[in-house]
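Work the whole structure out from these sequences, hints included.
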Amino acid sequence: MKLTPRFTPLRTAQYCLCCILSLVALMTSLGAEQDLILQSNPFALVLVLAAFAMGLALLYYAWLRLKHPFSQGLLWVLAVVFAALTLLGKSFDALGTTELITQSKLKTLVFFIGRIPLYYAVMHLLSRQLQNTKSKSTYRFGALPYTMGLFICWLPYWIMTFPGTLSNDSITQIKEILGALPMSNGNPIFQTWLIRICLQISNLFQNADVMIALYCGLQALLMAWLLGSLLSKMGRSAAPHWLVILSAVFYALCPIFPSFAFCVGKDTNFAMAVLFFSLSIWRILQPSEGKRISALQIISLCVAAVLCVLLRNPGVYLALITLVILLIWTLIKRNRLWLAPVSALIALVCIYGALHGLIIPTLDIAPMPETENYSLPLQQVARITASAELTDEEKTAIDGVLDLSKLKEEYNPELSDPVKNLWRGDAAEAQKSAFWRTWSKLLIKHPTTAFSATFANTYGYIYPGFISEIKPTLLIGDQSTRTANLTGLLAYSVNSNAAGLKAFTNTLAQFPPYRILISPGLYGWITLFTAACLLHKKDKRYLIAAVPAIFTLAGCTLSAVNGYFRYAMPLYLIAPFLLWLCTDPFAAKAKPQVK
744 MKLTPRFTPL RTAQYCLCCI LSLVALMTSL GAEQDLILQS NPFALVLVLA AFAMGLALLY
804 YAWLRLKHPF SQGLLWVLAV VFAALTLLGK SFDALGTTEL ITQSKLKTLV FFIGRIPLYY
864 AVMHLLSRQL QNTKSKSTYR FGALPYTMGL FICWLPYWIM TFPGTLSNDS ITQIKEILGA
924 LPMSNGNPIF QTWLIRICLQ ISNLFQNADV MIALYCGLQA LLMAWLLGSL LSKMGRSAAP
984 HWLVILSAVF YALCPIFPSF AFCVGKDTNF AMAVLFFSLS IWRILQPSEG KRISALQIIS
1044 LCVAAVLCVL LRNPGVYLAL ITLVILLIWT LIKRNRLWLA PVSALIALVC IYGALHGLII
1104 PTLDIAPMPE TENYSLPLQQ VARITASAEL TDEEKTAIDG VLDLSKLKEE YNPELSDPVK
1164 NLWRGDAAEA QKSAFWRTWS KLLIKHPTTA FSATFANTYG YIYPGFISEI KPTLLIGDQS
1224 TRTANLTGLL AYSVNSNAAG LKAFTNTLAQ FPPYRILISP GLYGWITLFT AACLLHKKDK
1284 RYLIAAVPAI FTLAGCTLSA VNGYFRYAMP LYLIAPFLLW LCTDPFAAKA KPQVK
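Each step along the sequence shown adds one to the number in this note's numbering, with nothing skipped, and position 564 is 1307.
Hint data in this document are derived by calculation from the structure and do not stem from the laboratory.
Mixed in with the good hints there might be a few duds.
What the hints assert, rightly or not - Okay, the calculated beta carbon distance ranges per label pair:
#1 D1160 <-> V820: 34 to 42 Å
#2 P1104 <-> P888: 23 to 31 Å
#3 A1242 <-> K1281: 51 to 59 Å
#4 D1169 <-> R871: 36 to 44 Å
#5 H811 <-> Q1174: 54 to 62 Å
#6 H984 <-> A1242: 37 to 45 Å
#7 H984 <-> Y1257: 19 to 27 Å
Claimed, not checked - List time: in silico SDA-like cross-link candidates among lysine to any residue, alpha-carbon distance up to 25 Å:
#8 K1151 <-> I1187
#9 K1149 <-> T1134
#10 K1184 <-> E1113
#11 K1138 <-> L1186
#12 K1175 <-> E1132
#13 K848 <-> Q872
#14 K1188 <-> T1114
#15 K848 <-> L769
#16 K848 <-> T771
#17 K848 <-> V820
What you are looking at is a predicted structure, and each value in this text was computed from that prediction instead of being measured.
Using N, Cα and C, we set each Cβ at its ideal position, and we do this for glycine too.
In structure tokens form, the structure reads like this:
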């Protein structure tokens, strides 16, 4: 890392300007809440000012000492994007519109501009540290020590919630298994079969708690092993030692991981599949130096791709797009690595075809609901309907597939399920075609409203610190109310300590740094930062291993709930892996020389 020997007058002026501008921006509140709090407590105001001033002074000193501090053009673009997302997220979080931005243009300008150099400096220094060749890890442990350490750190959460927790989707799946509801692929049928196996084992003991404990215990062990394997690979590579340590601490202490590891739910398994898929791609991308690809590498990629398909309905698109990109890269490089993506694509097509063309129809399983992927357009139509005057033709087209009389009442900016529930299942194809034509015209006619509908339903994934008020708890709901949903079907225990743990985590979430740590938005930013860093690299192969994470983030922005923890689960698991890609993950540590 090249440093300037001293500050020139120009560099000193840049330093002072950045410090002052960012300090004013951080202390600028678009609303009145922060101003009132600080005005009522002068000591808090002085303390916050001092902390911000000291932090900014150190940050900008470290950044502007670099020989070329302004050289990363792509990071400047990303800094502008992050500043804009912060500004929009602040307004939508407070009012659900852009009104907060337009109230005071001067405040808005200061709030926005002062954050650009701040975000850039942080990203520039982080990218430099990730490529620092003077600080390499010396933690050459296998996967087992990491696995045991993570599982032990998670055990208190299991003790507090034992036998484990159930998600809403799992309640539905159990009802389908027990015949209370018709079998459906709305929740992936393979996931339902996994629960059925555990339920059948629990029947041998005549205790439903065995099913939950067995599922959660095996799932947590599998997650600990997967994350332990990643940490082991990072430690054996040339990754900076601080990255390995922070990643291990993050996996061990962040409550997201044990909370979902000990929960019966489809999202945890899928998140692990995405990380496994990314690691399998990483193995394929390693410089082969003329060596042939191994059968284990091919099998690993095939299994990972198939798991993405089986564990989440949209997973087929994630796996398909990634494998096609990998195949194109191998063909361009003209090496024999093409055998791996071709084999995985064949396995993917065969499994998907057998599942949807043979198994689901033969077993009379209902397919995935038609509206599953319609969240974005339906929310746009609902917001336009609620705020704009429609022509008779537009009303007729919309009412043909949605109950127009209830659309305005049911519209929730951060949850699309109420609108999707208004979809008329008996609508004719001609009515659906008319609706989609009307939707495309409404986008052109009301672009601002359409953007607001889109951002209101997605900003939690790209705005750090936002936690959904619809799905706010890390324990995925109040477990004490869910036993009623299975009355007469399945009698399972709810740990009385779970309520206390839930209250404790909710209290912690009021602390801003902790809130940012657990919110999905931070991991959306890490994904975008990683993409920018990998695009900047001369060797673009690293970017292929990040495609599953990028696709996951894109999928989150099209999802039914804004800022939902479980939809963003793959991003939490894969974040250290993405940062590792920004180093040289293929470089092995130099072995110590013996004199």
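Taking the hints in turn, this is what the structure says about them:
1. D1160 <-> V820: 34 to 42 Å: Hint holds: Cβ distance 35 Å, inside 34 to 42 Å.
2. P1104 <-> P888: 23 to 31 Å: violated, 48 Å
3. A1242 <-> K1281: 51 to 59 Å: holds, 54 Å
4. D1169 <-> R871: 36 to 44 Å: violated, 60 Å
5. H811 <-> Q1174: 54 to 62 Å: Roughly 60 Å apart at Cβ, these two residues keep to the hinted range, so it holds.
6. H984 <-> A1242: 37 to 45 Å: holds, 40 Å
7. H984 <-> Y1257: 19 to 27 Å: holds, 25 Å
8. K1151 <-> I1187: Holds: K1151 and I1187 sit about 21 Å apart, inside 25 Å.
9. K1149 <-> T1134: Given that 25 Å is the threshold and the Cα spacing comes to 17 Å, the pair holds.
10. K1184 <-> E1113: holds, 22 Å
11. K1138 <-> L1186: The given pair, whose Cα atoms are some 15 Å apart, holds under the 25 Å limit.
12. K1175 <-> E1132: holds, 21 Å
13. K848 <-> Q872: Given pair K848, Q872 is violated - Cα atoms ~37 Å apart, limit 25 Å.
14. K1188 <-> T1114: holds, 24 Å
15. K848 <-> L769: holds, 16 Å
16. K848 <-> T771: Holds, at roughly 12 Å.
17. K848 <-> V820: Holds - the C-alpha atoms of V820 and K848 are around 22 Å apart, at most 25 Å.
Hints 2, 4 and 13 from the list above are not met by this structure, while the remaining hints are.
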